[in-house]
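J.: Add chain B to chain A, keeping to what the hints say.
Chains as they are written, first to last, in our numbering: chain A, 2 to 804; chain B, 2 to 804.
By construction, these hints were calculated from the structure, which means they are not laboratory data.
Treat each hint with caution, since some may be false.
[To be verified] Derived SDA-like pairs (lysine to any residue); straight-line CA-CA distance at most 20 Å:
| no. | chain 1 | residue 1 | chain 2 | residue 2 |
| --- | --- | --- | --- | --- |
| 1 | B | 552 | A | 716 |
| 2 | A | 191 | B | 226 |
| 3 | A | 121 | B | 735 |
| 4 | B | 191 | A | 450 |
| 5 | A | 47 | B | 780 |
| 6 | A | 191 | B | 772 |
| 7 | A | 552 | A | 516 |
| 8 | A | 121 | B | 772 |
| 9 | A | 552 | B | 227 |
| 10 | B | 302 | A | 507 |
| 11 | A | 47 | B | 777 |
| 12 | B | 191 | A | 227 |
| 13 | B | 507 | A | 722 |
| 14 | A | 191 | B | 227 |
| 15 | B | 296 | A | 449 |
| 16 | B | 121 | A | 774 |
| 17 | A | 302 | B | 449 |
| 18 | B | 302 | A | 451 |
| 19 | B | 302 | A | 448 |
| 20 | B | 552 | A | 121 |
| 21 | B | 507 | A | 720 |
| 22 | A | 552 | B | 261 |
| 23 | B | 191 | A | 224 |
| 24 | B | 191 | A | 213 |
| 25 | B | 404 | B | 379 |
| 26 | A | 121 | B | 780 |
| 27 | A | 507 | B | 736 |
| 28 | B | 296 | A | 227 |
| 29 | A | 507 | B | 191 |
| 30 | A | 302 | A | 316 |
2 protein chains.
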Amino acid sequence: MKATIEQRTTASNLDLLDRYWRAANYLSVGQIYLLDNPLLGEPLRKEHIKPRLLGHWGTTPGLNFVYAHLNRVIRALDLNVIYICGPGHGGPGMVANTYLEGTYSEIYPDIGRDADGLRKLFRQFSFPGGIPSHAAPETPGSIHEGGELGYSLVHAYGAAFDNPDLIVACVVGDGEAETGPLAASWHSNKFLNPARDGAVLPILHLNGYKIANPTVLGRMGDEEIRNLFRGYGHEPLFVEGDDPMPMHRAMAAALDEALAAIHKIQTEARGGKRSERPRWPMIVLRSPKGWTGPKEVDGLKVEGFWRAHQVPIAQVRDNPAHLRLLEDWMRSYHPEDLFDKDGALIPELQALAPTANRRMGANPHTNGGLLKRELRLPDYRAFAVDVKNPGQTVAAATHELGKYLRDVLKLNADAGNFRIMGPDETASNRLDAVFEATDRVWMEPTEPYDVHLAQDGRVMEVLSEHLCQGWLEGYLLTGRHGFFSCYEAFVHIVDSMFNQHAKWLKVSRQLSWRRSIASLNYLLTSHVWRQDHNGFSHQDPGFVDLVTNKKADIVRVYFPPDANTLLWVADHCLRTYDRINVIVAGKQPSAQWLSMQDAATHCDAGIGIWTWAGTEDATREPDVVMACAGDVPTLETLAAVDLLHKALPDLNIRVVNVVDLMTLQPRQQHPHGLSDRDFDSLFTRDRPVIFAYHGYPYLIHRLTYGRANHDNMHVRGFVEEGTTTTPFDMVVLNGLDRYHLAIEVIERVPGLATRAAQIKQGYRNALIAHARYVREHGEDMPEVRDWVWPNGTGGATPAKSGG
Amino acid sequence: MKATIEQRTTASNLDLLDRYWRAANYLSVGQIYLLDNPLLGEPLRKEHIKPRLLGHWGTTPGLNFVYAHLNRVIRALDLNVIYICGPGHGGPGMVANTYLEGTYSEIYPDIGRDADGLRKLFRQFSFPGGIPSHAAPETPGSIHEGGELGYSLVHAYGAAFDNPDLIVACVVGDGEAETGPLAASWHSNKFLNPARDGAVLPILHLNGYKIANPTVLGRMGDEEIRNLFRGYGHEPLFVEGDDPMPMHRAMAAALDEALAAIHKIQTEARGGKRSERPRWPMIVLRSPKGWTGPKEVDGLKVEGFWRAHQVPIAQVRDNPAHLRLLEDWMRSYHPEDLFDKDGALIPELQALAPTANRRMGANPHTNGGLLKRELRLPDYRAFAVDVKNPGQTVAAATHELGKYLRDVLKLNADAGNFRIMGPDETASNRLDAVFEATDRVWMEPTEPYDVHLAQDGRVMEVLSEHLCQGWLEGYLLTGRHGFFSCYEAFVHIVDSMFNQHAKWLKVSRQLSWRRSIASLNYLLTSHVWRQDHNGFSHQDPGFVDLVTNKKADIVRVYFPPDANTLLWVADHCLRTYDRINVIVAGKQPSAQWLSMQDAATHCDAGIGIWTWAGTEDATREPDVVMACAGDVPTLETLAAVDLLHKALPDLNIRVVNVVDLMTLQPRQQHPHGLSDRDFDSLFTRDRPVIFAYHGYPYLIHRLTYGRANHDNMHVRGFVEEGTTTTPFDMVVLNGLDRYHLAIEVIERVPGLATRAAQIKQGYRNALIAHARYVREHGEDMPEVRDWVWPNGTGGATPAKSGG
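Bound-form chain A, shown alone (with noise of 0.2 Å):
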């Protein structure tokens, strides 16, 4: 902030301003109604409305007034604003004021700054082959979409943390404080640090109503409010009425006071004088819904209604006193004094918005791909698990990759672009190495007897998935870098933003002025089947099937087995774009497979056959394959391999590993996914195959439906049974233990059954001894767990060309 706030509102400004938010308006029931006659230059006909009338039309005053606003103190202050719109429905305000300020015709030179290029704005609205109805990716000066409430106070969040110069606006209106994203999204205060972030300024913009109803906040007293806004650490300024002259002053005012409260906040903490948690200002603006809009239609009351919501005057075509309503109600904003008769903004209007990149739908802030610089990573090869032989080597995979994110955060500590999320998990999803690099955010009261606390630490906890999710996309979307660790069964918490963001990356991809960002990578660990201590609430390996619904040039899903393919495979997520990618790997220490390089040859494959843990004769064909996918399905297929072995010692196994999920499927439907000839290479045609998969079996069925050997396939994965058990235990409740893998190895190998009935009779009666183990012991059987894969040589053989 160069200037110190002086600026003082005059009348004459505060009357251009009003003709400016008129401008917005005006522009915004256009985009909703007019397919031709943008300036109305002659009376509206039935021809020139739009056959279907689409659009939110109730917020979108209250969003052009917050704009136009902000417009004046940007000038004023020359200030480094960027606008997150929650109520995305208002899209057309987004549009309007993008367009406004000359930012949208540079991005699309098709929609000009004229007459034309209004026709064509106000056409391409919510039309087939035009843009959508809500803020989207293809709207200037947006990373929220909206369409779903809850999320633009933590996605503003995140695009303020490590951004010192950045000031946040942030409208949460139309209802989404009613949601509990958004409910908790305010506590995100306690973890930004004036003296090393940007500010967030919140505007609750309390219009009354949602689609139907009022809303919870909006019918409140002034004084809950500000209990409420106090308590959640901020100080509230009221801005409220419907007349727009004191409004605009009142607005002004507000927004004075606010700017020069975060000035004094970010000057004392900048300069050390300041170290408590500061309150921060917010504004409550209380304006009618639909402002400036119809009053009645058809006698019923519309401003200040929810009937305001969407279209509020819907039967132009065919109703002309509607069509009449509505041209009154577009010239009561007096176009002809604010567009020039070539359709151009006047030129007194045009100096009210700012310039260049303060634009806030030009703020390189909203492209983040364009302020994105690469990460800098270590080598992950300095971070190997030493494997001379598969299997005898114990390690944790997370506590391993934990070291290889600590030189992560050393590594751009200055650059202060990468910080690490999770909902009070870190320590015990074993990442603790990374403390010894940087601490957890904290901007509340410590204790001397804190651990790893600190005003500027980059790791975030706080127990709540849908804030470190919000936070880790907004960071993400203005340019930076996260990782986000979670337990696996919860982060079926964030399953819609997830969609949410895998939408926005979908589209963003098809627009070519939007640059890359930073891939979305999760780590989803203390999974289901180590999650016997905490029960079966605890368990579920689901989300990855959500996941694969995605579009493929989206999404990625690793199971890597050990320490050093996590380590390969989280290495190669960190160098990728616009993706989201998922890693599945367990914290618990457990047998190692793969040396390092055995382990990239591995992972670049993203499938492969370990001939060392098969029992192949290179020349037949195997009798059988066992597939494997997950470090738990890992370890049970390697020791039924071993049972099978030392018991049918001529038995014919073919061991084959699966990392990189999308393999399995067909190239046409993702770029990893194997040709069939590669496929057929690894799981033979005609072979049976015994798949050990981490998560619920049927992913495994949808995505090899159409592969030569399907009918072959047998997959065996969670089935929804758990409890509080022993790890064991849970596999075999599961029935993807190893002994019940052996069993269907007997039972599907042609032949088999009769010569092996002793053989497979010997397992059913570990099982039965297990079960009175455990029941007994409160811990797994000895065999059982403190079984070794027997000496050998390790190394994996890679698909042909997948990868």
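T.: Frame of chain A; chain B shown alone:
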């Protein structure tokens, strides 16, 4: 509340209460640690200690403190109270208290009230074959798992609605208040009517820490906490400290005050003296995490810190100093003063527990099936849309359903046991006929122009799917009935709540003492194919994929293709128990296919051939099967049949319509699954099947991969292509429209492609014409929009034995 509050707490009865608390704490520690020696009759030895120490101590003493104090007021005032334990991982406390009051031994007679019972009680906890570590369905008095934090308070409100005599004490702790759903749940008080509903008494347990961090609210000062909760509409009463006896006095006083306030509020409201929303009391309990546990272990702070969260002393079996520390800790409770030598709680402590159903573990509201009354349902046939010939009548399916639901509301108005939930969308989803029978519940001020808002409304609308879902869960779990209508895309917001409820039902069904509760019924409408106006963010049909991962005996998914089938399905769902029923149906006016009689036959089978729609010659196998599930896919399939029949009159097409998606699964996997024989008789064993499906096409492959004809199944559905456009353009973008379907028929029927090359080209041309038309006119081509199924006769041939 029979008595006014006069109960004074004397030093002597608080001393007894303290001993009761110590008994609960002792039993909690015993469960975490001990295999044997439950009364410490001999010095603790390694053999007495469990091999795996699982459980959460930190929250438990606070939970026990609250339980003991609630016992006091229940007895003193003969109150009807249930206890919702937000930090459900404090399972040992809930088990301990229900054991102390005698409930536990009544439900599980094997766990007697003697030394042997104590030994078993300790041993079974978190032990294979025993009970889970968290409060769970197995726990008497629980309706709330609490493994996934966030839903305690919303469950509490669900339980309180329509239970005027009930007080729901709800402990929120261990960081749960940081979650989004919980943060929004406080606003539930705007929907609780003190004249009709019970009371919720929130107890915010600020013990300062979650797993590895301070909690956000725990570090906020009293002033911010007071502001925050006054803002939420509560009056917080603070109980703070760590010295037991002053804390007992403070807690007793706070509870007395809170209950007096509740009594006053209810009395005034029920006497007609109060109409505005009251400020409800709540308690803020600040006590040390792991209170009364070891202060330090190995020189590190434990009591009053996050290290007390789980098992405070970890090396008890191997470290004699730890063993000694545990013994000292347990003896600090003086078990010899609490239990007699046979292990029974001494009589003066037994006397502190309420009796019979007043015991919180035995309160029938926590085993809602005990209180459940059958819903009175109108005859769904009375709401039939008159369909003389298929396709000739137009109706909006959900609009018709609204009339049925209106009468359900009327018939059960006196019983007061049916509610409808929806996130501000009941009218938008065209269920508005329900407002002829009731209103939306609304406790905030109303304006003269408000519509259908009332303090005693039975429709609950709030812009939070979390609240809708959670209220309904709490309502169902306490023995009532309900219906939740939701935008299809945004039901993903509650994916994780759905998961947890499904898990709860699965376990409950295995417990003979838990009685069946009403099913959770979802209507997903405003679905993917009719969100053309809101765009991509509103288009996601993936919830069903999540649902089908759950246990077959819990979940059902229905795709009624028109109004009469929707009526049948909704009526059916409202009659079921212990299930989660998902109904997907559109709200837009569209063609009706089946008379009510045909609808009943068809829905009863769940799947069937629509002979009137096909062009089958009964003397031979069809050339192609066109299958459809969902209203829009059914429409497009029939339009494709119409196209093909006109162009290729000798083509033998069978139409199969799927209402009950579970019929597609093998019978071994789902009770509704068709036998292979029945499946083959519908889908043939070798003819091409062109399957038009409502959602992601992979799901159909997953359900049918094992069927004989699977290799010939070609499924079309939503492939994640969406935007704001026209309805027909939406299906075209995803290749689900009539032309793409007809083209695929031509390509898949052997020999047809050559013969019908011209026809196929005609369909391609139609798609090009469509694209041009919508981009020019902004609406669908009249020939598509106005297409009507040619006149014929209706009726469906059901599957041979599906159902």
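J.: Against each hint, give a clear statement of whether it holds in the structure.
T.: Status of each hint after checking the structure:
no.	hint	verdict
1	B/552 x A/716	17 Å, holds
2	A/191 x B/226	14 Å, holds
3	A/121 x B/735	27 Å, violated
4	B/191 x A/450	41 Å, violated
5	A/47 x B/780	15 Å, holds
6	A/191 x B/772	51 Å, violated
7	A/552 x A/516	19 Å, holds
8	A/121 x B/772	18 Å, holds
9	A/552 x B/227	47 Å, violated
10	B/302 x A/507	49 Å, violated
11	A/47 x B/777	16 Å, holds
12	B/191 x A/227	17 Å, holds
13	B/507 x A/722	9 Å, holds
14	A/191 x B/227	17 Å, holds
15	B/296 x A/449	16 Å, holds
16	B/121 x A/774	17 Å, holds
17	A/302 x B/449	11 Å, holds
18	B/302 x A/451	10 Å, holds
19	B/302 x A/448	12 Å, holds
20	B/552 x A/121	53 Å, violated
21	B/507 x A/720	12 Å, holds
22	A/552 x B/261	58 Å, violated
23	B/191 x A/224	16 Å, holds
24	B/191 x A/213	17 Å, holds
25	B/404 x B/379	10 Å, holds
26	A/121 x B/780	17 Å, holds
27	A/507 x B/736	18 Å, holds
28	B/296 x A/227	40 Å, violated
29	A/507 x B/191	39 Å, violated
30	A/302 x A/316	16 Å, holds
The structure does not agree with the numbered hints 3, 4, 6, 9, 10, 20, 22, 28 and 29 stated previously, though it agrees with the rest.
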